[in-house]
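Undergrad: Here the structure of chain E is known, so what remains is to put chains V and L in place on it, guided by the hints.
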Amino acid sequence: MKQAFKAHADALSRLAAVALIFAILILISPSFGTITNILNVLRISSLTLMIATGIAMCMLVGGIDLSVGATIALTSILFGRYFQIGHSALEMVMGMAGILALSAAIGASNGLCVAYLKLPPFLATYGVQQIARGLAYLLTEGLVYSNFTEEFKFIGGGYALGVPTPILFAAALLIAIGLMLNKTTLGRRIYAVGSNREAARYSGINVKGTLLTAYTLSGLTAGIAGIVYTSRLNCAEPTIGAEFAQQAIAAAAIGGISFKGGHGNVFGVIIGAVILTLITNGMTLLGIDSNWQVGVTGVIIILSVLIDRNTAKKKV
Amino acid sequence: MKRRFLRQIPMTLPLLFAMVVLFAIFVGPAKYLKLSNIMNVIVQCTSGVGIVALASFLAICSTGVDLSLGGIVSLSGMLTAKLLTWDVPLLSGLREQSPALLLALAVLASIATGALVGSLNGLILSRTNIPSFIITLGTYKICETLSRVIADGTTVRVNGNAAFEFIGGGSLLNVQQIVKQGARQSVRTVGVLPVSVLILFFLYLVFSIVMKRTRFGTYVYAIGGNYDAAELSGIDTRRTRFRAFLLGGMIAAVTGIIMTSRLTAASASNGLGLEFDGIAAAVVGGAAMTGGRSTPWRTLIGAFIISVLRNGFNMIGMSNSLQMIAIGAVLIFVVAVDAARNRR
Amino acid sequence: MSDTILEVRNICKDFPGVRALEDVSFDLKRGEVHILLGENGAGKSTLMKVLTGVYHPEKGEIFLNGKEVRFETPRDAQLMRIAIIFQEFNLAPNLTVAQNIYLGREPLKRGGLIDRQKLNRDARAILDFLKADIDPSARVEALGVAHQQLVEVAKALSIDSEILIMDEPTATLSEKEINTLFDTIRSLQSRGVSIIYISHRLQEVKLIGNRITVLRDGRTVGTRDAANAELDDLIRMMVGREIKRRRIREKNTARDGFALEVSHLSQGKLLKDISLNVRRGEIVGLAGLVGSGRTELAQAVYGVTRRDAGEVSICGKPVANPTPMKCIRQKMGFISESRKEFGLALNLPIRVNITHAGLRTIFPSGIVDVKKERKIAEEFRKKLRMATPDVERDVKALSGGTQQKVVLAKWLSTDSEFLVFDEPTRGIDVGAKEEIHNMIVDLAERGVGILMISSDLPEVLTLSDRIYVMREGRIVREIDHEGVMQEEVIAYATGGAAT
Numbered sequence: 001m002k003q004a005f006k007a008h009a010d011a012l013s014r015l016a017a018v019a020l021i022f023a024i025l026i027l028i029s030p031s032f033g034t035i036t037n038i039l040n041v042l043r044i045s046s047l048t049l050m051i052a053t054g055i056a057m058c059m060l061v062g063g064i065d066l067s068v069g070a071t072i073a074l075t076s077i078l079f080g081r082y083f084q085i086g087h088s089a090l091e092m093v094m095g096m097a098g099i100l101a102l103s104a105a106i107g108a109s110n111g112l113c114v115a116y117l118k119l120p121p122f123l124a125t126y127g128v129q130q131i132a133r134g135l136a137y138l139l140t141e142g143l144v145y146s147n148f149t150e151e152f153k154f155i156g157g158g159y160a161l162g163v164p165t166p167i168l169f170a171a172a173l174l175i176a177i178g179l180m181l182n183k184t185t186l187g188r189r190i191y192a193v194g195s196n197r198e199a200a201r202y203s204g205i206n207v208k209g210t211l212l213t214a215y216t217l218s219g220l221t222a223g224i225a226g227i228v229y230t231s232r233l234n235c236a237e238p239t240i241g242a243e244f245a246q247q248a249i250a251a252a253a254i255g256g257i258s259f260k261g262g263h264g265n266v267f268g269v270i271i272g273a274v275i276l277t278l279i280t281n282g283m284t285l286l287g288i289d290s291n292w293q294v295g296v297t298g299v300i301i302i303l304s305v306l307i308d309r310n311t312a313k314k315k316v
Numbered sequence: 001m002k003r004r005f006l007r008q009i010p011m012t013l014p015l016l017f018a019m020v021v022l023f024a025i026f027v028g029p030a031k032y033l034k035l036s037n038i039m040n041v042i043v044q045c046t047s048g049v050g051i052v053a054l055a056s057f058l059a060i061c062s063t064g065v066d067l068s069l070g071g072i073v074s075l076s077g078m079l080t081a082k083l084l085t086w087d088v089p090l091l092s093g094l095r096e097q098s099p100a101l102l103l104a105l106a107v108l109a110s111i112a113t114g115a116l117v118g119s120l121n122g123l124i125l126s127r128t129n130i131p132s133f134i135i136t137l138g139t140y141k142i143c144e145t146l147s148r149v150i151a152d153g154t155t156v157r158v159n160g161n162a163a164f165e166f167i168g169g170g171s172l173l174n175v176q177q178i179v180k181q182g183a184r185q186s187v188r189t190v191g192v193l194p195v196s197v198l199i200l201f202f203l204y205l206v207f208s209i210v211m212k213r214t215r216f217g218t219y220v221y222a223i224g225g226n227y228d229a230a231e232l233s234g235i236d237t238r239r240t241r242f243r244a245f246l247l248g249g250m251i252a253a254v255t256g257i258i259m260t261s262r263l264t265a266a267s268a269s270n271g272l273g274l275e276f277d278g279i280a281a282a283v284v285g286g287a288a289m290t291g292g293r294s295t296p297w298r299t300l301i302g303a304f305i306i307s308v309l310r311n312g313f314n315m316i317g318m319s320n321s322l323q324m325i326a327i328g329a330v331l332i333f334v335v336a337v338d339a340a341r342n343r344r
Numbered sequence: 001m002s003d004t005i006l007e008v009r010n011i012c013k014d015f016p017g018v019r020a021l022e023d024v025s026f027d028l029k030r031g032e033v034h035i036l037l038g039e040n041g042a043g044k045s046t047l048m049k050v051l052t053g054v055y056h057p058e059k060g061e062i063f064l065n066g067k068e069v070r071f072e073t074p075r076d077a078q079l080m081r082i083a084i085i086f087q088e089f090n091l092a093p094n095l096t097v098a099q100n101i102y103l104g105r106e107p108l109k110r111g112g113l114i115d116r117q118k119l120n121r122d123a124r125a126i127l128d129f130l131k132a133d134i135d136p137s138a139r140v141e142a143l144g145v146a147h148q149q150l151v152e153v154a155k156a157l158s159i160d161s162e163i164l165i166m167d168e169p170t171a172t173l174s175e176k177e178i179n180t181l182f183d184t185i186r187s188l189q190s191r192g193v194s195i196i197y198i199s200h201r202l203q204e205v206k207l208i209g210n211r212i213t214v215l216r217d218g219r220t221v222g223t224r225d226a227a228n229a230e231l232d233d234l235i236r237m238m239v240g241r242e243i244k245r246r247r248i249r250e251k252n253t254a255r256d257g258f259a260l261e262v263s264h265l266s267q268g269k270l271l272k273d274i275s276l277n278v279r280r281g282e283i284v285g286l287a288g289l290v291g292s293g294r295t296e297l298a299q300a301v302y303g304v305t306r307r308d309a310g311e312v313s314i315c316g317k318p319v320a321n322p323t324p325m326k327c328i329r330q331k332m333g334f335i336s337e338s339r340k341e342f343g344l345a346l347n348l349p350i351r352v353n354i355t356h357a358g359l360r361t362i363f364p365s366g367i368v369d370v371k372k373e374r375k376i377a378e379e380f381r382k383k384l385r386m387a388t389p390d391v392e393r394d395v396k397a398l399s400g401g402t403q404q405k406v407v408l409a410k411w412l413s414t415d416s417e418f419l420v421f422d423e424p425t426r427g428i429d430v431g432a433k434e435e436i437h438n439m440i441v442d443l444a445e446r447g448v449g450i451l452m453i454s455s456d457l458p459e460v461l462t463l464s465d466r467i468y469v470m471r472e473g474r475i476v477r478e479i480d481h482e483g484v485m486q487e488e489v490i491a492y493a494t495g496g497a498a499t
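Residue numbers (our numbering), protein chains in the order written: chain E, 1 to 316; chain V, 1 to 344; chain L, 1 to 499.
The reader is advised that the hints may include incorrect statements.
Calculated lysine to aspartate or glutamate pairs in the DMTMM-like style (CA-CA distance at most 25 Å, straight line) [as the list claims (entries may be wrong)]: (1) L:K326 x E:E237; (2) L:K340 x L:E296; (3) L:K176 x L:E204; (4) L:K396 x V:D228.
Simulated from the structure, these hints should not be mistaken for lab results. Remember, it's a predicted structure, so these values are computed and weren't measured experimentally.
Bound-form chain E, shown alone:
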């Protein structure tokens, strides 16, 4: 029992941080504690969450994915350009499937670069990011798309079971990936590769395949996030998503995913994303100037990571 407590001490300490921030915010501004606002916070953080989950997988295998923002932009543009009002529901669904396949392909190309070309992940995904965003710009041809069907708008902007849909998507994704990581052999392989790549190889684990899968999944989650985000914004632009990579990485790191690999879990990611959003939301409620918000976020990120006792000892 004591050992279980110790193992989860990190998660608990982070949870405590969330509760603390929450309490402070409620004290400052009572309107913070309303259900509407809480759901709002959750809805905003759900997007970061989805992406952070994908990036977390890359970090778990010891890498990183900087291309998520660009993937979202590309997904967004493709959808915006080709699926406006006038298409049948079936066409939309097929279109979404196709776009998700593309986002997975972007992830796969990251994976190919890292696993087969042996490129450093930072650079491979940076390069792919450039390429993807360039494509997004190209396909936009200067227009902004925003004429979406009601069904589509529901994906990101609707309510189901009294809860905003993005939260549901995020929850579903989290549960799926969490289960995968903890309960499947793929998850075991991811942790093994992240913890000690060579040892994994000697144990007969398909290192390249595992890396490829992790990055592909990251791309896929970015694609899903892109569709949800586009639906919520009700418009598609090539510039969106630029800051998502940073945010998601910060959320994952705050949540205890180690940059070295092999350390951390999905629960931490949730906490990280929530903390990040709480702070931003809190500042808005307080009426803090948006310029200052950026700065305060920076300080808070540093401070909240200080709480983390399990941060890797060195490197990066």
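TA: Same frame as chain E, now just chains V and L:
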């Protein structure tokens, strides 16, 4: 000594050469190899990636990464511009009586700011276990915030300050060229020894010596090579990493000054994003993310490669979006080939 | 000046949940070689770290030359001229030999720049003293293991140490290099340096040591004079129980059918035209010096590296472009010599590590059944007598011997029919060693073919049915077990005999 230098020339130098040749062919030698264009590339480099890459190199070599560099560039540039133009009694008085002193003050304040941010990075890095990635992400945001606050929504222009403009736009040596346009003839002045380039080379020279001949340089490499060994040998790894980031901050501030000088204006968005170019330049120049590799000069070549790419693409009229695609592809290509070479 | 240079009294060191050192006391005389003997987990490593300022003891005193001292940091110990050479070298691979030797103490010119000429000159001087043929301006990563160790020795010498601690210094050295090292140690002794020498190799300790202190379970058991110490006595002190020395292999259990067949395998400059085989149920020893290519051969067979020529068949099926994955599917397993690098995911729990090689077979549906995994791990914990209360601990918290048992458990859970053991008992205490030997014999009796690479000749001789001797990338001799002597194997390994 010469033989060892030659042996060290990495693939990047031939690559640079090849790129220049390729662009020359595509664009047309007459247009590309023109003195004004070449100087243009070089100056674009110095006021952008060129010096920032050195800061990136220092961070990466000591097993870190500095994402705040772009923020520092923006902040220092903004600060310089503001100090030079702020209508406040103390500064206005100085501007009238001793503009040189004001300029010196502004430059010093700017570099000091870079030092401050860098030391903040270094301090947190050396006292806690937080990855440099996160710390510099945070300080980046802080710098961006401060820069925006100073700008207060506007672009701060520095007009009529010849001394200041000289830093980024001036040249120690000028060449007069006669430009024929149809029937008319005009004279164009091309600066062939830009001050900013001199600053750049000076910095790289200094740091080349520092990395090879000082204890600090050896310790940076040692940390990258085997952190535990460095610690056990009694090296103050914390102080070394602190210094690496401190110096990086100061170096980035220099870029901010040069950039603002060249543009004679500062807007909060100037320089943001340079940290990534810096990392790309350092890595293309041979640095490994695990630290302990490459040298300042190689990093400079990497920076030039990136600048040549951008300039070349602009010349052949490639749209911005295509440029992004192309640079991404080239980056992947370069690193892949280098990785393949090193594996043998 | 008193005879005793270092005195350690009643040292206690705790870690969360475990008392690593309990009331440890011993003394070191000036100019002596004092052997520290003990199993893994006995506390030798911890004691060393206390002596070099890496750990702070909870209780106890350290006296240097009669004065009490406290070490706050490794630097303090260095300043007191205590140097240590770890088993895993602490060298920066990207720096030169000279830079590594003087790391942290670089000579400066006026003006603050490093005096490179002096650096290289001084390094050259030390290397010459050690009779080491190494270029001081060469990068450490370009050197072989034995040379790297010499650089470590040079490093210790460069701080003019009064006390030198050496942790398993001969683990990776050839016979010739060991003799050179012993000569060096003796000349250090004559210069007044006192040496604490940590080793498992019982046959060495009497050769080089003056006194021997045995540690067990964090306590000092006793100190003997090396000259009249008896091996059985020492072993008993280390293990706490009688070990009967006997030939383990009573009968040859080789069966029909080959677990491994290698013909004309070559790889670059490392391996030349190698042919050998291992029958099912047979234990084949692969002897040779460090650098003779044994591990490289195994790696080429296993697919970790690519071979240039030759054929390999595992359990009867030819394997063309092997990868560890393919080999495992062919029922092969590989227990590498470096468990921390290639054998274990250190920050993951024991039970997770145990199932890493058999994910496909243990969880065929792709879903992980934690209960099943725990059960398998528990079985191995008991069977191999792992020094851990449960299987949930992270592997990095375990001692070397226990870690090796986890690696063993990993492969035992895969039902392999052919196993390669590379230095299976390196860095492991006598008790665990015997257990592992029994395990290997057990496997052979059940029909598993075993290729055992080992530099521990008694181990090779006791266990093998047949022995191949490698030298410089070739098989120079195949020896049938009956009547072979240690000297004969050494002769072939070093080229002393006609081949």
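Undergrad: For every hint, state whether the structure bears it out.
TA: Quick rundown of the hints versus the structure:
1. L:K326 x E:E237: 47 Å, violated
2. L:K340 x L:E296: 18 Å, holds
3. L:K176 x L:E204: With a Cα-Cα distance of about 14 Å, the restraint between K176 (chain L) and E204 (chain L) holds, given a limit of 25 Å.
4. L:K396 x V:D228: Since the Cα atoms of K396 (chain L) and D228 (chain V) sit roughly 17 Å apart, the hinted pair holds (cutoff 25 Å).
Going down the numbered hints, you'll see the structure goes against just number 1.
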